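One-letter residues, chain by chain:
2 protein chains.
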Amino acid sequence: MSSLMRKAVLSDRDLPQKWYNIVSDFKNPPQPMYHPATGKPATPEQMAVLFPMEILKQEMSSERWIEIPDEVQDILKLYRPSPLQRAVALEKALETPAKIFYKWEGVSPAGSHKVNTAIPQAYYNKKEGTKRIATETGAGQWGSSLSLAGSLFGIDVKVYMVKISYEQKPYRRMLMETWGGKVVASPSMETKAGRDALAANPNSMGSLGLAISEAVEDAAGRDDTKYALGSVLNHVCLHQTIIGLETKKQLEMFDVEADVVIGCHGGGSNFAGLAFPFIGDKLTKGKKTQIIAVEPSSCPTLTRGTYAFDFGDVAGMTPIMKMYTLGHDFMPPGIHAGGLRYHGASPLVSQLLHEGLLEARSVDQLPSFEAAVQFARTEGFLPAPESSHAIRAAIDEALECKKTGQSKNIVFNLSGHGHFDLTSYEKYFKGELQDYPLPESDLRASLKGLPKI
Amino acid sequence: MSSLMRKAVLSDRDLPQKWYNIVSDFKNPPQPMYHPATGKPATPEQMAVLFPMEILKQEMSSERWIEIPDEVQDILKLYRPSPLQRAVALEKALETPAKIFYKWEGVSPAGSHKVNTAIPQAYYNKKEGTKRIATETGAGQWGSSLSLAGSLFGIDVKVYMVKISYEQKPYRRMLMETWGGKVVASPSMETKAGRDALAANPNSMGSLGLAISEAVEDAAGRDDTKYALGSVLNHVCLHQTIIGLETKKQLEMFDVEADVVIGCHGGGSNFAGLAFPFIGDKLTKGKKTQIIAVEPSSCPTLTRGTYAFDFGDVAGMTPIMKMYTLGHDFMPPGIHAGGLRYHGASPLVSQLLHEGLLEARSVDQLPSFEAAVQFARTEGFLPAPESSHAIRAAIDEALECKKTGQSKNIVFNLSGHGHFDLTSYEKYFKGELQDYPLPESDLRASLKGLPKI
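As given, the protein sequences belong to chains A and V, one line each in that order. Mind the numbering: the first sequence is residues 1 to 453 in the numbering used here, read in order. Mind the numbering: the second sequence is residues 454 to 906 in the numbering used here, read in order.
You may find that some hints are simply not true.
To be verified - Partial chain V-side listing against chain A, Cβ under 7 angstroms, derived:
no., residue
1, M454
2, S455
3, V462
4, Q526
5, K530
6, A829
7, R830
8, H872
Unchecked claim - Per label pair, the in silico range of CB-to-CB distance:
no., chain 1, residue 1, chain 2, residue 2, range
9, V, Q621, A, Y307, 47 to 53 angstroms
10, A, Q290, V, M513, 53 to 59 angstroms
11, A, E167, V, W518, 50 to 56 angstroms
What the hints assert, rightly or not - Below, simulated DSS-like cross-link-like pairs (lysine-lysine); rule was C-alpha separation at most 25 angstroms, straight line:
no., chain 1, residue 1, chain 2, residue 2
12, V, K545, A, K126
13, V, K584, A, K92
14, A, K430, V, K635
15, A, K182, V, K880
16, V, K580, A, K92
17, A, K127, A, K57
18, V, K883, A, K182
19, A, K92, V, K579
20, V, K545, A, K131
21, V, K635, A, K427
22, V, K545, A, K127
I should point out that these hints are in silico values taken from the structure, not numbers from a laboratory. In this text the structure is predicted, and so the values were computed from the model without any measurement. Heads up, the beta-carbon is just placed ideally off N, CA and C, and yes, glycines get one too.
Assemble the whole structure, with the sequences as input and the hints as a guide.
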């Protein structure tokens, strides 16, 4: 009989019943959000045109544990708890004394962790009478997760999809449409922001910032419609903590403790989801776990950005937040990890980095694809280009252990599958991908437009 | 606390350690395979040029239980046991008193049940010194599963992919290449069969039968190379019984017994995998479970075919088997469930149908897509077009329960995801798909070439 334990699985009964709110354990309270027009702290009333009240309460809460509603738990059980897998074949290929574990979020119907927050966001909207949600999507992970959640709760979902993705990733658009999502290429003729952009440049390929502007305008202009965001904000990070809470239980089943915890970092949500429960143990129990956020070298928000107040979008329509930022008009190169192409970062992750509770590291595009292929050829699953950044760091840590002889327990978040990213893999194999060195002068330039708070 | 049980999960420890060989419980022994050239029963020695000896032993075994080697179990644990899910949201949408359960095989790295047999086939080949395996693939599920298994065991895999699929499904090809598979469009210039076909018709789009001919020629002509098949044969059905064995344990966790067991049917492997352990209970314990194989109306092998000896391929190069067949030169219409476009059927499934232990049903393409969309919008997961045939039958059974008031337990195999089939969904939404009525005269014509045994 084979006694190898390759994964730890939890039953429906073991699904976490509460989200962990790391703000409750912060030594210093987080900075408030500021209104983009007045420059004063944004009030819940001002935000209520975009978000349901329960979401806003969570956004500003300092309660330690927040109940996951039964109806949300019922739907999360579709695919959660997700497996924690030990990468035995990858360990063997690396000849490392380290143990490598990955939390496998690609089992969700939309293929990534984004569903974890799409479901509660749709639930609270439904409960407060929202008939329709407008949102933006870049690579399509968030738009498809929200389309799915809308389908499950009977809410119409409108997705402004960055035009270049709309054209390059038709499968993601079709997936959203199969779940009933209404998808339009952004810039569109359906909003003033879109029409203005098209008037200025009829061939505009769009940007995430512009798509946000369209979705926000749509939601603000209709009584039946709210807006939803898939990363960055506190309530999104909160909903994702279910990842780390499950992982801690599953590491106990393997009878190990994490020495190193790794997540890729774009807006911050999958990283926060895995890492916050472990950082909580550092804050409250004095644990020494090493926590690493991994970002692309071509969009080095945490490693080369500035900790300052900035807008969440290019157009300056969102609230102003204190975060690591490259400046809201920083335009990242066209790397294939579309979900990591963001100028800012979660304010909570930013504060924890600033206070020394985690470290940040950047990796180039080619080494991250190399890691993804090594992973796929040993562990089987095809990683999303975003998640591959975490794999790269995990492999590097394991190779370091090989040098030093240490047998660390390395845990990373495999936040999504790459089934809709295969053209990127093909380009990698053909040698058509590249790295993007960023001169310091480019970075300084985009910081000039920071708002004054 | 939510007490809903939405899925039954088993741990690595619960992985079945033996495959169930239904032949051991047959009242009448299965018919032997006949050599295509001599018309006499094929000997293991004749088959050994194509298959490793251990596979041939399994093909002809009448042992009840066959040990799953530890090394195979170790790799199956990557994604197995797979979940058995209760379709609570679909039940609610249908307003049925029935309970619906689906075995979710899309969690495998290649996205379908095909991996369950690719791994042991690669293992036995590796053990017996095979350096390289040649195979064919239509829609690409089998080619990608074998490419994955080859990657895990260090065996080169060559895939002859039907040219029309090669061009229409580039993502499947890229997936195989990411795992290191060498993929060529069939007909190719690499075999005599391919060159002959191209000489006759330079624009040939290929067929599964021709691709089989190329792969068999490739394997027969090289000492380092064997051939592998992803369905139909006894050893393939054997490897798939792990599906039904797990399902039986998981139904116990739900505290129910299956009343109806449903699988889609092409060559027969996913159907056999789920159904054989339940049919075993009918044969040995007198259980009355209803067992339904669901095929496309446009390729109605089991419902309108003849139980006779026929070749497994179009070119007449494979052994001759007793099975339900539409005639080996039957050319099915271009439905999108490519994996169900096969003129024949597993000899074991055929015999069980002939002896009244299961029933067969056919469904049209449009109602199967309608079922798939209803499933995706309630249960979230996107089904493969093949699996959608099983969903259609499960929904029809549940709707019948609504009429009669019976609360049956309906179990079906969701054999794969549809991530690489989204263009079919798009065509369905655009109204570009159709059904294909088959006149009796068409069916009679293709039966004229049956070999005489």
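Hint check results:
Taken as an interface hint, M454(V) checks out: its beta carbon lies about 6 angstroms from the nearest beta carbon of chain A, inside 7 angstroms. Checking S455(V) against chain A: minimum C-beta separation of about 4 angstroms stays under 7 angstroms; hint holds. Hint status for V462(V) relative to chain A: holds, with the closest Cβ pair at about 5 angstroms, below 7 angstroms. The beta carbon of Q526(V) comes within 4 angstroms of a beta carbon in chain A, closer than 7 angstroms, and the hint placing it at the interface holds.
Contact between K530(V) and chain A, as hinted, is supported at the beta carbon level, the nearest pair being about 4 angstroms apart and thus within 7 angstroms. The interface hint given for A829(V) is met, as the beta carbon of that residue sits about 6 angstroms from the closest beta carbon of chain A, less than 7 angstroms. Restraint check, R830(V) versus chain A: the minimum CB separation of about 5 angstroms is within 7 angstroms; hint holds. Interface restraint check: H872(V) against chain A, minimum CB-CB distance 4 angstroms, threshold 7 angstroms, status holds.
Judged by the Cβ atoms, the range 47 to 53 angstroms given for Q621(V) and Y307(A) holds: they are separated by roughly 50 angstroms. Separation of Q290(A) from M513(V) is about 56 angstroms and conforms to the stated range, judged on CB atoms against 53 to 59 angstroms. In this structure the supplied range 50 to 56 angstroms holds for E167(A) paired with W518(V), their Cβ-Cβ distance being about 54 angstroms. Restraint check: the Cα-Cα separation between K545(V) and K126(A) comes to about 18 angstroms, which is no more than 25 angstroms; the hinted pair holds.
A distance of roughly 21 angstroms separates the Cα atoms of K584(V) and K92(A); the hinted pair therefore holds under the 25 angstroms criterion. For a cut-off of 25 angstroms, the pair hint linking K430(A) to K635(V) stands: about 14 angstroms separates their Cα positions. Proximity of K182(A) to K880(V) is assessed by CA-CA distance (about 16 angstroms); at most 25 angstroms being required, the pair is judged to hold. Proximity of K580(V) to K92(A) is assessed by CA-CA distance (about 19 angstroms); at most 25 angstroms being required, the pair is judged to hold.
Taken as a hint, the K127(A) and K57(A) pair is honoured in the structure, with Cα atoms around 15 angstroms apart against an allowance of 25 angstroms. Using a Cα cut-off of 25 angstroms, the hinted pair K883(V) and K182(A) holds, with the two alpha carbons roughly 14 angstroms apart. The straight-line distance between the Cα atoms of K92(A) and K579(V) is roughly 18 angstroms, inside the 25 angstroms bound, and the hint therefore holds. Only pairs whose Cα atoms come within 25 angstroms are accepted, and K545(V) paired with K131(A) is accepted, the gap being roughly 21 angstroms.
Taking the CA atoms of K635(V) and K427(A), the gap is near 16 angstroms; set against the 25 angstroms cutoff, the hint holds. Between the alpha carbons of K545(V) and K127(A) the distance comes to roughly 19 angstroms, so the proposed pair stays at or under 25 angstroms and holds.
Of the numbered hints stated above, none is contradicted by the structure.
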